[in-house]
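Asker: Top to bottom, those sequences are chains A and B.
For the first sequence, the numbering used here gives the first residue as 1, with consecutive numbering after it.
For the second sequence, the numbering used here gives the first residue as 415, with consecutive numbering after it.
No wet-lab data here; the hints were simulated from the structure.
For glycine and all other residues, C-beta sits at the position ideal for the given N, C-alpha and C.
Certain hints may be false.
What the hints assert, rightly or not - Here are the simulated distance ranges between beta carbons:
1) E246(A) / V710(B): 55 to 61 Å
2) R469(B) / N374(A): 36 to 42 Å
3) G248(A) / S651(B): 46 to 52 Å
4) G248(A) / P544(B): 23 to 29 Å
5) G579(B) / R201(A): 40 to 46 Å
6) G46(A) / L671(B): 29 to 35 Å
7) A459(B) / R201(A): 36 to 42 Å
To be verified - Now the stretches of chain B that chain A is said to cover, found in silico as 3 or more residues with beta-carbon under 8 Å:
8) 438-447
9) 473-485
10) 624-636
Claimed, not checked - Not close to chain B: a few residues of chain A, all C-beta gaps over 12 Å, as computed:
11) A40
12) H155
13) G196
14) G354
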Amino acid sequence: MTRALLTGNGAAAWGARLAEVDYVPAFPITPQTEIIETLAGWYASGAMQGRLTTLESEHSMITAAAAAAATGARVFTATSSQGLLYAMEMMFATPGWRAPFVLVNVSRAVATPITLEPDHTDVLAARDCGFVQIHCANAQELLDSVLIAYRVAEHPGVRVPVLVNQDGFYLSFTREPVELPSMDSVRRFLPAFAPGEVAFRASKPVSQAVAVLGGASYSYFRYELHLAVMQALVAYEEAAQAFAAEFGRRYSAVDTYRCDDAEVVFFMIGSFAAKAGDAVDRLRARGERVGLVRPRLLRPYPADAVREALRGKRAVAVIDQNLSMGFGGVLYAELAAALQGRPAMPMLCSYVGGLGGRDIRVEEFFAMAAESRNAAASGAVPATRLLYSGGELREVRKLQAIAAAERGEAGARP
Amino acid sequence: MFRIRFHGRGGQGMKTAGNILGSAFFGEGFEVQDAPRYGAERRGAPLFSYVRASRTPIQERGVIDNPDLVVVADESLMMLPAAGVMQGVTADTVILINTRDAQGWQARARFPGVVLAVPAIAASPPGGTPPLQSAVCAGAAARLVGVIRRETLAQAVRLELDARGRLMLDQDLRWTLAAYDAMSAHAGCVRERVAERNGVTAAPDWIDVPQDSVRRAAPDIHATASSEQSLTGTWRSFRPVIDPGHCNRCSWICGTLCPDSAIRVDADRTPHIDYDHCKGCLVCVAVCPPHAIRAVAEGKAAACEKIAQ
Ligand code: SF4
Ligand code: SF4
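Let the hints inform the model, and build the full structure from the sequences given.
Answerer: Right, here's the structure in full:
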């Protein structure tokens, strides 16, 4: 095993390489491009056997991925943000083909306005489509999760695609030390795909994109897909255990940090959770009992593990790096549903922050912990708060004043 | 932990400088994080990269707002507030500027801490290729932190520049090490911070964002500029020049594939490049079947033009 500096994108590409994927349909988009450039280089040099094809859009790319997967090939692909949204029709259509493949999404906030930096509104738009979703916080976890993802996707009781998520810039372009597993150990953990009946051949045509008439048969097929995704809870646990046995790194469905005796916990996904971990250490140094709960698996929703992690806590600051227009934070809504009606569950406080890569500062974590603790004491649920400062609004106002002056508006000053 | 930021312009290799320094720290057994941060993705636009190095696993992520060392490869950035060179610096921060006038900048920026100049490394032979900025900046920074040995730095340069397919590795290495040696008087002046800021921090000044009128709240741009009016020709570092003797008047390849529609073809099928808008991507150079388009360094092309006039 060697330790090297890799970006998140490099780690994702190494995951695909070590999984010895047969086929990579590709379409570039910042900040994902480096993944397919790296793989293209390896195919060109002969370091990887198989084929990378550039498609004319993400819509075709996901179609090609699922079609190739239906023949029993091991398939890898990657996208981001607007690309994921453009692929959305096929994101919903292909899981029903019951062909396993792995998609890495590099989270980048969605338009309008256009930006390059991350939040999770893109990946959460794919929440309901039938892909398993694994969310990563660092480059090592990303490489390892790609390998775990194939085990889960190819599990005979699951057989749906898996999306592995990383944050653009904060992870995709950040180099950090990563242990590269040896090919032998990866082959032990992830043997070649035994496709069984996943074996579409042109000589034996099967139609997988079928139509049904009548809600009863439709409901049956959709519910079967739901059950297959739910089954991934079991398959994920098995894969995570086997992974720990082979490589010594344990990735539970819900990660907990300094939680055992915690009274207040932060609840968030992705690489910004490192900032919460840092805040936890600082608050602990001051004697405050604070922890961090970070779900890795978001689909299927690890409700039991989440409840287990939060039982007996006084308050949870849920930090959503996404915004569901007209509602608020998605993680908050789902967590409230998971805890509803259970005994000994904590007060939930909802925060929306880190949109478009906006930093979440240590003093904001301190304030969220204090506010949540107070809410638990008073019993009054605070309204969802956008993490946003007066100073930030003043900067926006300055730009608006310039815009108004450019339009020649009288009394342009806000 | 050490926290270091490199500021430069697109094309000056600040990502590479961060990678070299990151690899050198890693070679010394540190946990490392290094990353570039792009704004507009083009040559000449301000960008920065950053490096964290710690003896324990790193719990931070993203932009560094409390740097121990700031390296500035292009002194014109000092006057550009948007470049954020001085962001978060304190009297304990060391600033290393590519300048002949470190004292002057110290005075202009009213900065109480240490300001040093990136050592001037002469091209060899005189008049030859100027030294690679990234190599020089990384070499100087590596000496200032005081925990990177010369051999480890050399190893890091080989690793990073080899991966980029640099042909003149020996020369790059000489420049890096020359910069490292030139900073010996200041070795270790950038200190590893052990005690972190655990003290009481000010409460965030959170506000409730108000609802504004649509006219104000929609992210529209109302300035009267258009693609035609913004002269992207100033972005160019190389200029495509068509040799009419070799152009076989295919009439469409360069003109169709130019991503900026900067090539017009006239009635007798001759292509003309609009240098006000050609941004120098050199796609046309790559696609012209008879290789009738050359890339000429912008400085040279401009000088020739002057002479011709
Ligand atoms: S260099 Fe690029 S922008 Fe300029 S004319 Fe050629 S293709 Fe167009
Ligand atoms: S592509 Fe080459 S040959 Fe064709 S018009 Fe352009 S310069 Fe002439």
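Asker: Decide, hint by hint, whether the structure agrees.
Answerer: Here's how the hints hold up against the structure:
no.	hint	in the structure
1	E246(A) / V710(B): 55 to 61 Å	holds, 56 Å
2	R469(B) / N374(A): 36 to 42 Å	holds, 37 Å
3	G248(A) / S651(B): 46 to 52 Å	holds, 49 Å
4	G248(A) / P544(B): 23 to 29 Å	violated, 49 Å
5	G579(B) / R201(A): 40 to 46 Å	holds, 42 Å
6	G46(A) / L671(B): 29 to 35 Å	holds, 30 Å
7	A459(B) / R201(A): 36 to 42 Å	violated, 51 Å
8	438-447	holds (count 4)
9	473-485	holds (count 6)
10	624-636	holds (count 4)
11	A40	holds, 16 Å
12	H155	holds, 32 Å
13	G196	holds, 41 Å
14	G354	violated, 10 Å
Checked against the numbered hints listed earlier, the structure breaks hints 4, 7 and 14; every other hint is satisfied.
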